[in-house]
Amino acid sequence: MKHEKEPRNKLYSLSLEPLEIAEFVSVLLPLFSEIEISHLYTDLRISIRKMPFKKLIFFCLHTVMNLRLFPASNTTEEACFQSIPTISIVDHCPKDFSEWMIAKDIKQCYWISQKCTKPERFEYHCLPDRYHKQFIEVCAPTKWIVGMNCPFYDMEKHIIEPNYNHKCKGQCPQYYCSSSVYEYPGCFERVQKKITKDVEGDNQECTCNQPVYFLLIILVVFLCLHLCFRIHEICQPNRFYRCFLKKSSTENDEESAELKLEQNKTEHFC
Numbered sequence: 007m008k009h010e011k012e013p014r015n016k017l018y019s020l021s022l023e024p025l026e027i028a029e030f031v032s033v034l035l036p037l038f039s040e041i042e043i044s045h046l047y048t049d050l051r052i053s054i055r056k057m058p059f060k061k062l063i064f065f066c067l068h069t070v071m072n073l074r075l076f077p078a079s080n081t082t083e084e085a086c087f088q089s090i091p092t093i094s095i096v097d098h099c100p101k102d103f104s105e106w107m108i109a110k111d112i113k114q115c116y117w118i119s120q121k122c123t124k125p126e127r128f129e130y131h132c133l134p135d136r137y138h139k140q141f142i143e144v145c146a147p148t149k150w151i152v153g154m155n156c157p158f159y160d161m162e163k164h165i166i167e168p169n170y171n172h173k174c175k176g177q178c179p180q181y182y183c184s185s186s187v188y189e190y191p192g193c194f195e196r197v198q199k200k201i202t203k204d205v206e207g208d209n210q211e212c213t214c215n216q217p218v219y220f221l222l223i224i225l226v227v228f229l230c231l232h233l234c235f236r237i238h239e240i241c242q243p244n245r246f247y248r249c250f251l252k253k254s255s256t257e258n259d260e261e262s263a264e265l266k267l268e269q270n271k272t273e274h275f276c
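So in my numbering, spot 261 of the sequence shown is number 267, and the numbers just go up one at a time.
Because the hints were derived from the structure by calculation, they are not lab data.
Just so you know, these numbers come straight off a predicted model, no measurement behind them.
Even glycine gets a Cβ: it sits at the ideal position worked out from N, Cα and C.
Check the hints yourself; a few may be wrong.
Claimed, not checked - Here are the simulated SDA-like pairs of lysine to any residue, each with C-alpha atoms no more than 25 angstroms apart in a straight line:
#1 Lys101 with His138
#2 Lys199 with Gln140
#3 Lys121 with Pro168
#4 Lys110 with Tyr182
#5 Lys121 with Glu162
#6 Lys139 with Lys121
#7 Lys110 with Arg196
#8 Lys113 with Phe87
#9 Lys139 with Arg196
#10 Lys124 with Tyr182
#11 Lys175 with Val152
Unchecked claim - Pair ranges (Cβ atoms, derived):
#12 Lys121 with Tyr219: 49 to 57 angstroms
#13 Phe103 with Gly153: 39 to 47 angstroms
#14 Ser94 with Cys230: 43 to 51 angstroms
#15 Leu221 with Lys139: 34 to 42 angstroms
#16 Met161 with Asp102: 25 to 33 angstroms
#17 Arg136 with Ile223: 44 to 52 angstroms
#18 Lys121 with Lys200: 30 to 38 angstroms
#19 Lys175 with Pro91: 29 to 37 angstroms
#20 Lys101 with Cys230: 50 to 58 angstroms
#21 Gln177 with Ser119: 30 to 38 angstroms
#22 Lys200 with Pro125: 28 to 36 angstroms
#23 Ile237 with Val96: 50 to 58 angstroms
Given only the sequences and the hints, what does the whole structure look like? Please build it.
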């Protein structure tokens, strides 16, 4: 009976706990000391012994990561399209745990049906965007942020990423969960200052425009009054003229009536 070939990428899917890794390394170290190695490896061991302690630690970590003893990184992480309908732009993010809980209850990410991750890892987030222009509330899979960096939500990839150009200024630990970023206000200062500056600029622009609108209103009222006054001046003489004509016609009618009456009397006398 032929044995099935194991997949070549078995090591890539291997995921060990820290204690298991330590035990694994402790078993391998004695074996390496008993194996006869070539001159090349001997020179390598000599160079390793001469390395400073920090470089040696970095070399060991780099070797372990290349062996895929840890889970693969999220560099090829797929987009979570179920997060798109939950995106909303806000003026500020929660500053403490109580505000975060209130925002979390309003968002209700736990009711959303998604296939991006486990239900307990699909949580409420409030993060800056890539360009530090706005705050984004979104339901997204949590992610471990490493290296004292601040996270952001990528609107193009629809994933959470660490911003390697934005450090926490000593407030963040070496690694933390993306959903707990509210504990580190240094990650929000840059965006908050920009939003505040934009709002103040808009208010200042509105304040500057108010006197202009007031002057325009006064000008319109003045023009209306002037127009009414001119119309009154034009119509007033015509009104007197019409009254004079009416009075003259009345006097003429009276005179003609008197003449007619006298004429009738004369004819009757004759």
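**Study point:** Violations among the numbered hints
**Key:** Violated hints: 6, 13; rest satisfied.
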